[in-house]
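2 protein chains.
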Amino acid sequence: MSERRRRVTINDVAALAGVSKGAVSRSFNGASRLPESTVKRIHDAAEQLGWRPNAAARAIQGAPARTIGFVVRRDPALLGSDPFFPLFLAGVERVLSAHAYGITIRFVTSEEEETRCYRDWVAESRVDGVIVSDLRDGDPRFALLDELDLPGVIVGDPGRAVSQPAVYHTTDASIRELVDGWVQRGHTRIAHVTGDPNLRHTLRRRAIWADALATHGLGSDLFETGWFTEDGAKVATRALLAAAEPPTAIFYANDIMAAAGMGVLADAGRTVGGDIAVAGFDGIPLAQYLSPPLATIVCDFDELGDVVGGELMTLLSTDGSVPPVTTLAGRFLPRASYELRAE
Amino acid sequence: MSERRRRVTINDVAALAGVSKGAVSRSFNGASRLPESTVKRIHDAAEQLGWRPNAAARAIQGAPARTIGFVVRRDPALLGSDPFFPLFLAGVERVLSAHAYGITIRFVTSEEEETRCYRDWVAESRVDGVIVSDLRDGDPRFALLDELDLPGVIVGDPGRAVSQPAVYHTTDASIRELVDGWVQRGHTRIAHVTGDPNLRHTLRRRAIWADALATHGLGSDLFETGWFTEDGAKVATRALLAAAEPPTAIFYANDIMAAAGMGVLADAGRTVGGDIAVAGFDGIPLAQYLSPPLATIVCDFDELGDVVGGELMTLLSTDGSVPPVTTLAGRFLPRASYELRAE
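These protein sequences, in sequence, are chains W and B. At position 325 of the first sequence the residue is numbered 325 (full-length UniProt numbering), and the sequence of numbers has no breaks. At position 176 of the second sequence the residue is numbered 176 (full-length UniProt numbering), and the sequence of numbers has no breaks.
A hint or two may mislead.
The list makes no distinction among identical chains, and a pair is therefore deemed to hold if it is satisfied within one copy or across any two copies.
[What the hints assert, rightly or not] Calculated lysine to aspartate or glutamate pairs in the DMTMM-like style (CA-CA distance at most 25 Å, straight line): (1) K21 to D157; (2) K40 to E245; (3) K40 to E177; (4) K234 to D82; (5) K40 to D139; (6) K234 to E111; (7) K21 to D120; (8) K234 to D196; (9) K21 to E124; (10) K234 to D302; (11) K21 to D231; (12) K234 to D75; (13) K21 to D44.
Because the hints were derived from the structure by calculation, they are not lab data. Computed from a predicted structure; not experimentally measured.
Pulled out of the complex, with its shape left as it was, chain W reads as follows:
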């Protein structure tokens, strides 16, 4: 890592505003009896220099925050049914706790808010490192972390050389196994319902699905965007059923979409595991209780969190190194929804 820039201190603010250090401190902690015009001058000086009270407190101490930051830019509605989030967190925190570190989570709704959050954390010395997940195409966060000199571990495949280490599940082989198996069983119309197309892992799953089909000389125009949501999957499934030649097998980019899609298929008089085959992705516990049990690609998010937490602790220690890329293997789990049953 590059050397950290010298921090702006309370002395700089005091000098610029022409007041004492004590006056600066009091103007920020509400204990000030200074004229309003003086308070304003101090705050203007602080803003001009990018100085904030907490940064000073930390700088005086030089103590680490002992906290890892995790900015989550995601629709809260998506959190309730996504197995990634709680399991991953539990895995990370198990490691952090052992090192007396905590995790701070911030939910944001826009890229602007996301960027501001990282900048505030650094300005106020609130975190020692961050977790970067839900990678997007053209994601600005790798460069932002470089600029802020903020250590971080990336969850996902950044798709290019970046200075932060990345950890992710490789599921390409599992997706190929899933598609190949369907082709071997005679399927030629194998559809895909994708997640949010702004996310890199959505694009990856679709690309591998398409490539596996191409290997067998099959086209890949049978896909719909499902946004990782139940509602998205329902619309997508209805669109697939309305095609001139509907699919005989559908691969959904997550389990919750597969579950919702199975509901639509049943309503349309189709029999999953009978006259149409279905598979999901994630490996949520409830998948096995669907009817028929849902074939899926299992990812161990708890283990993922464990690895990410370990790499963060290594990054923040003075010794030890972290490989640029660490991968965990996903696993295809065929279940009854994957097969067609002769009636």
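Mind docking chain B on chain W? Use the hints.
What follows is chain B alone, placed relative to chain W:
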């Protein structure tokens, strides 16, 4: 709130160790060139006084941490299938973000670790307030918060007068509606699979189930502990089926247990929604995709988080007051699993 005790300052440590303030500061930030024996003397003095570097940094500043703490003492394995956690967090964080507050989550595995976490947070001024959930019988946290003078909002019914405000779903009426409906349909053997008996809400659900049965002159000995887990529910369901007079209806204390139980019932040749009725609790999205769709008691955890976040922000402001108890209503949602179908 009571007046906060005077904090131990860096001056106290310096005086006790017989060194300057600067020496104390440097001895903690690694910039010290002092003899090892002096560093040891300073650290011994700090430990004796209960002083920590961050407390000093904060005290110099007098700035709030702008952070809410959430200690979660729970088996990580339970997190993946529990809808409460991510939805509740998202609701809390939406409110906190609007006030430029963040949330710090710490997972712990024992009461000792839990207590230490609260004490450390206060000693190091890391949080301004806390969320207390997963209430246990004889929970020591209400008194701990009093002792630490740490503001907090309780998620759940503490069952006695405490100084922290409490927010929770009232689901008594929904449980009675569920049980009454089964009795009206002729069921007399209505079983309950409980959650973790160390949690207050587990005991509450069981007590209301038993009381609703008693209203109809029915006994309440048909219950098994399911621990809120799939495996627990499987064991519990097998035990109920092995009873001399097995139940004709089973109320599970959460949806994931109901799903797992339905699997066991199917394996045993029973038809849910046919010759045995089932209901769950929570209202997870996937419940509607089970076969048959699972009747449940719906709780809006996102709204719960929203209310808790709002009360925390009010508590931490200088004005405004929070009612001792705020309740949200759960809602019974009958679906096909609740009925017996004439075959």
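A quick look at each hint next to the structure:
| no. | hint | in the structure |
| --- | --- | --- |
| 1 | K21 to D157 | neither (47 Å within a copy, 48 Å between copies) |
| 2 | K40 to E245 | neither (70 Å within a copy, 79 Å between copies) |
| 3 | K40 to E177 | neither (65 Å within a copy, 61 Å between copies) |
| 4 | K234 to D82 | both (17 Å within a copy, 24 Å between copies) |
| 5 | K40 to D139 | neither (37 Å within a copy, 47 Å between copies) |
| 6 | K234 to E111 | neither (28 Å within a copy, 45 Å between copies) |
| 7 | K21 to D120 | within (22 Å within a copy, 29 Å between copies) |
| 8 | K234 to D196 | within (14 Å within a copy, 36 Å between copies) |
| 9 | K21 to E124 | both (18 Å within a copy, 23 Å between copies) |
| 10 | K234 to D302 | between (29 Å within a copy, 23 Å between copies) |
| 11 | K21 to D231 | neither (57 Å within a copy, 62 Å between copies) |
| 12 | K234 to D75 | within (18 Å within a copy, 34 Å between copies) |
| 13 | K21 to D44 | within (15 Å within a copy, 30 Å between copies) |
Of the numbered hints given earlier, the model fails hints 1, 2, 3, 5, 6, 11; all others are met.
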